[in-house]
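S.K.: Its first residue numbered 1, the sequence shown is counted upward by one per residue in the numbering used here.
No lab work stands behind these hints: they were computed from the structure. Be a bit skeptical, because a hint or two may be false.
[Claimed, not checked] Each computed BS3-like pair below joins lysine-lysine, with the alpha-carbon atoms no more than 25 Å apart:
1) Lys18 / Lys84
2) Lys18 / Lys42
3) Lys84 / Lys58
4) Lys84 / Lys33
5) Lys23 / Lys58
6) Lys39 / Lys18
7) Lys84 / Lys42
8) Lys84 / Lys39
9) Lys58 / Lys18
10) Lys23 / Lys39
11) Lys23 / Lys84
12) Lys58 / Lys42
13) Lys23 / Lys33
14) Lys23 / Lys42
15) Lys18 / Lys33
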Amino acid sequence: MRTFYTKGNFDIIPEVRKPRFWKDCSNSIYFFKISDLPKARKLLQVSTAENSDDIFTKGLATALIEILSVLSPVNTATNPDVRKTLLRYLHALAMQQLPRQSPVMVILSTLHNGILVAKGSYALLRRNRSG
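Throw the hints in and build the complete structure from the sequences for me.
M.R.: Okay, here's the thing in structure tokens:
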């Protein structure tokens with residue numbers, strides 16, 4: 001970033017380009033928010049089928065930012081099952097494409113395991129309330 005307080009000629013960082021999957025994912029979540037469910041589902045189906053190869057190959061930093069922002073609980077509050085499904089999908093894809101110690105893999109594993117723990121806790125709560 002160039003400011004009046006810094007000296008020198010700073011090169012502008014090249015524009016970060018989002019892979020098509022993340023654009024489609026953002027649009028799909030928007031369609032879920034406005035209750036256009038058929039359009040939202042169709043967009044996700046097409047995008048996961050056609051654009052899965054470039055999710056992690058266009059930059060791991062971009063993937064990490066998109067995972068944490070696009071799939072944030074706040075952004076997916078109107079349809080949390082979409083978040084869970086996409087996190088499961090991304091985790092499975094990362095298992096195939098990334099090394100186990102990759103930061104993206106570690107974060108996806110943590111989020112994926114959090115879903116499994118939450119699911120187990122919810123089932124336990126339901127059993128305790130019923131019995």
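S.K.: None of the hints should be skipped; say for each whether it holds.
M.R.: These are the hints, each one checked on the structure:
1. Distance restraint check for Lys18 and Lys84: the Cα-Cα separation of roughly 21 Å lies within the 25 Å cut-off, and the hinted pair is therefore satisfied.
2. This hinted pair checks out: Lys18 and Lys42 have alpha carbons roughly 20 Å apart, not beyond 25 Å.
3. Taken as a hint, the Lys84 and Lys58 pair is honoured in the structure, with Cα atoms around 23 Å apart against an allowance of 25 Å.
4. Proximity of Lys84 to Lys33 is assessed by CA-CA distance (about 16 Å); at most 25 Å being required, the pair is judged to hold.
5. Under the criterion of a C-alpha separation no larger than 25 Å, the hint pairing Lys23 with Lys58 is consistent with the structure, at around 13 Å.
6. About 21 Å separates the Cα atoms of Lys39 and Lys18, which keeps this hinted pair within 25 Å; it holds.
7. Taking the CA atoms of Lys84 and Lys42, the gap is near 17 Å; set against the 25 Å cutoff, the hint holds.
8. Our distance criterion of 25 Å between C-alpha atoms is met by Lys84 and Lys39, whose separation comes to about 19 Å.
9. Distance restraint check for Lys58 and Lys18: the Cα-Cα separation of roughly 8 Å lies within the 25 Å cut-off, and the hinted pair is therefore satisfied.
10. Taking the CA atoms of Lys23 and Lys39, the gap is near 14 Å; set against the 25 Å cutoff, the hint holds.
11. Between Lys23 and Lys84 the CA atoms are separated by roughly 18 Å; this keeps the pair inside 25 Å, and the hint holds.
12. Between Lys58 and Lys42 the CA atoms are separated by roughly 24 Å; this keeps the pair inside 25 Å, and the hint holds.
13. Restraint check for Lys23 and Lys33: satisfied, since their Cα atoms lie roughly 16 Å apart, inside the 25 Å limit.
14. Annotation: proposed proximity of Lys23 to Lys42 holds, straight-line Cα distance about 14 Å (limit 25 Å).
15. Taking the CA atoms of Lys18 and Lys33, the gap is near 21 Å; set against the 25 Å cutoff, the hint holds.
The earlier numbered hints are all upheld by this structure, with none contradicted.
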